[in-house]
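**Q** Protein chains in written order, with the numbering used here: chain A, 1 to 426; chain B, 1001 to 1180.
Take the hints with a grain of salt, since some may be wrong.
What the simulated footprint calls covered on chain A by chain B, stretch by stretch (three residues with Cβ under 8 angstroms from a Cβ of chain B suffice, anywhere in the stretch; the number is not a length) [as the list claims (entries may be wrong)]:
id : region
1  : 35-45
2  : 56-69
3  : 112-126
4  : 188-197
Bear in mind the hints are in silico, worked out from the structure with no lab data behind them.
Heads up, the beta-carbon is just placed ideally off N, CA and C, and yes, glycines get one too.
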Amino acid sequence: MLILFMFIALIAMICLNVPIAVALAISAVIGLIGSEGPQSLVAVGLDMYNGSTNFALIAIPMFVLAGAIMNAGGITDRLINFVSALIGFVRGGLAMINIGVSLFFAEISGSAVADVAALGSILIPQMKKRGYSAPFSAAVTSSSASLAIIIPPSIPMILYAVSAGTSVEQLFVAGFVPGLLGAAGMMLVAYIFARRYNFPVEEAFNLARLKRTFIEALPTFSLPVIILGGIFGGFVTATEAAGLAVLAALLVGAYYREFDLRILKKAMLDGGMQTAVVMLLVAASVLMGGFLTRAQIPQDLAAAMLEFTDNKYVILFILNIFFLIIGFFLHSAAAIILVVPIVIPLIVAANIDPVHFGLVVTLNLAIGQQTPPVASVLIVACSIARANIWDVTKANLWFIAVLLTVLFICTYVPAIPMFLVEYFYR
Amino acid sequence: MLAQVHRNLEWLLEWVVIILMVALTVVVIVGVCYRIAGNSLSWYDEVASVQLAWITYYGAALAALKRRHIGFDTVLLALPPALRKLGVIVGEALVIGFFALMAWAGMEVLTVLEGMSLVSLTWVPIQLTQSVIPIGAALFILCELVSLPGYWRMTADGVSLEHADIEEEVEHELKKAGEY
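Using the sequences and the hints given, assemble the complete structure.
**A** In C-alpha cells, the structure reads:
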C-alpha cells in the first residue's frame, strides 16, 4: 500500500513539473516516514551527501568539459573539412558528412544535446542552402547525434554502470560496434534518400585535399586515441581517461590558438550545471535506493517477474518495450536513475549480463531522444532547422528504424556487441 | 529589486561553480598524472569526491535559479490556466519543503560529525565538507523563490521553459557558427 502511494505521489509530482530529482527524493521521504517513522529523516542529510560523492561519476563533468573545450577550441570546422574530403564525393554528401562528423564527435563528447547544437548550427543551414528539406536536415542531424550516447564516452553509460554496479569500461567497449552499425545504417538510409531526391554531390574526391585536412584535424584525433586506446588497452580507468581527455582538449585548443575565454567560461559553467543536475538525481536515487533495498522491493519484483517467465529473451523483450515507452516521457539520465536500480536484481536473477543489458538500455534511450514529447535532441535540431517537430519526426522514422534494428540485433545476438568485451576483459 | 537580487545571485553562483570546476579539473589531471607516473596521491579520491559534492549542490542551486533541472512540463502546460497556477503553487511548495527538510537534516548530521576529519587530510574537518548540504539546501530555496516570478509568468502564458532554453542555446550556437 505504501509503495503504491509512493508511486502515485511520484507520478503526480512529475506531472506538476517538480524536478524529477526532487520528486524522487520526496517519494523516498514518504517511504521513510511510512516505514521507519519521522526519526529516520536524518538519512536525508546523510544519503543526499553520500550520493553526490561517488568517485566514478567524476568522469561525467570531465567528459562534458572535454567535449565543450574541444568545441570551443575550433575542432568542429576542421572535423567537417576532413570528413567532407573523405566522403563528400558520395551522392547526398552533406547528409553523409553530418553522420560521419557525428561519429567522430560521439567519441569526444558524451552528450548528444551538445553535439546536435554544435554540429547542427553549422550543417543544417548548409544543407538547407544545398536543397535538402528542413525536416530531413533536422532528422539526419538529430538521429546521428544520438550515436553520442552509444559510442564511448557516454554519460548515460556512466550513470548506468554506477546504478547497476557494473564496469564503465566494459560498457564503453560494448558500445563501440553498435555505434558503428548505427552510423553505417544511417548512411545507407541517407544514400537511398539522396538517390531518390537527387541530393547533390559536394566535391570530387581529391587525395591531396584529404591529406591536408587530415593533418589539420590530426590533433583532434588525440581524444579518441586517449579515450578508446587508453580504456580498451586497460591503461586507464574511465575517470582517468576523462581527466586526460580534458588535458588533451586544452592542449589541442592551445595548439590551434583558437581559444575564446568567453566560450571556455561558458563550457565550465554548462559542464558544472549539467553535472549538478545529473548528480542531484543520483543523490536522490541513493536516498530512494536505501529505502527500496530495506523494503526488498527490487527482489520482490524480480521474483514476481521470474514466476511469469524465466526466459531471458522474453524478459529482455518486455524490458525493451518498457524502456521504449519510458523514453517517450523521460530524459535518459532520469530514466536510468529511476528504473535501473529496480530492475537490476531481475537482470542478475535471469542470468543476463549487466553489461549487455546496459547497452540495451542505452540504445533504448538513444531512440527515446528521437521520440516526442520529451526528445531534447530532436527539439534542438528542429529549432535550428526552424522545422515542425512532427514533420521532422516523419522524416526521422527511417533513421529511428535503423536504431531499432541495431537494438533488435544487439538484444538478441549479444555476441555482436559483446565480442570486444570478451576479447579485452574476459 | 528582485531582478537585482537575481543578477547578483547568478553572478555569485556562476563564479563559485566555475572555480569549483577548475579546481576539480586540476585535481583530477594532477591525480591521473601522478598515478601514471607510479606515485599515486593518497588524498586524490577523497578530495575529488568532496569537490563533486560541492559542484552538485552549488550547481544545483544555480540550475534552480535558471530553472534547468530535469522535469516534465507537458501535463502541467496542458491544464486549464487556473489549475495550472494551482499546480505551480503545489509543486513549488513541495520543492521548498523538501529542501527545508534537507537543510534541517544536514544540520543534524553536522552536529553528529563534530570533531571528525577526512581520512587522508586529517586537518580538514568533515563538518566543513558536509556543510554543503544545509548551505546548498538554503541556497536552493533562495534560488527557487527568486526565479519563481519568471517561472510563474511563463507557465501562466503556457510557455515551456525547456523549449525557451533550447531556443536560447540554439541562438548562441548559430551566432557562434556564423563567426566561423
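**Q** Now tell me if each hint is right for this structure.
**A** Okay, the hints, checked on the actual structure:
Counting residues of the region 35-45 of chain A whose CB lies closer than 8 angstroms to any CB of chain B gives 5, so the stated coverage by that chain holds, three being the minimum. Counting residues of the region 56-69 of chain A whose beta carbon lies closer than 8 angstroms to any beta carbon of chain B gives 5, which reaches the threshold of three, so the coverage claim holds. Given a C-beta distance limit of less than 8 angstroms, the hint that chain B covers the region 112-126 of chain A holds, as 6 residues qualify and 3 suffice. Figure legend: the region 188-197 of chain A, annotated as covered by chain B; annotation inconsistent (0 residues with Cβ-Cβ distances under 8 angstroms, at least 3 required).
Hint violations for this structure: number 4 only, all remaining hints satisfied.
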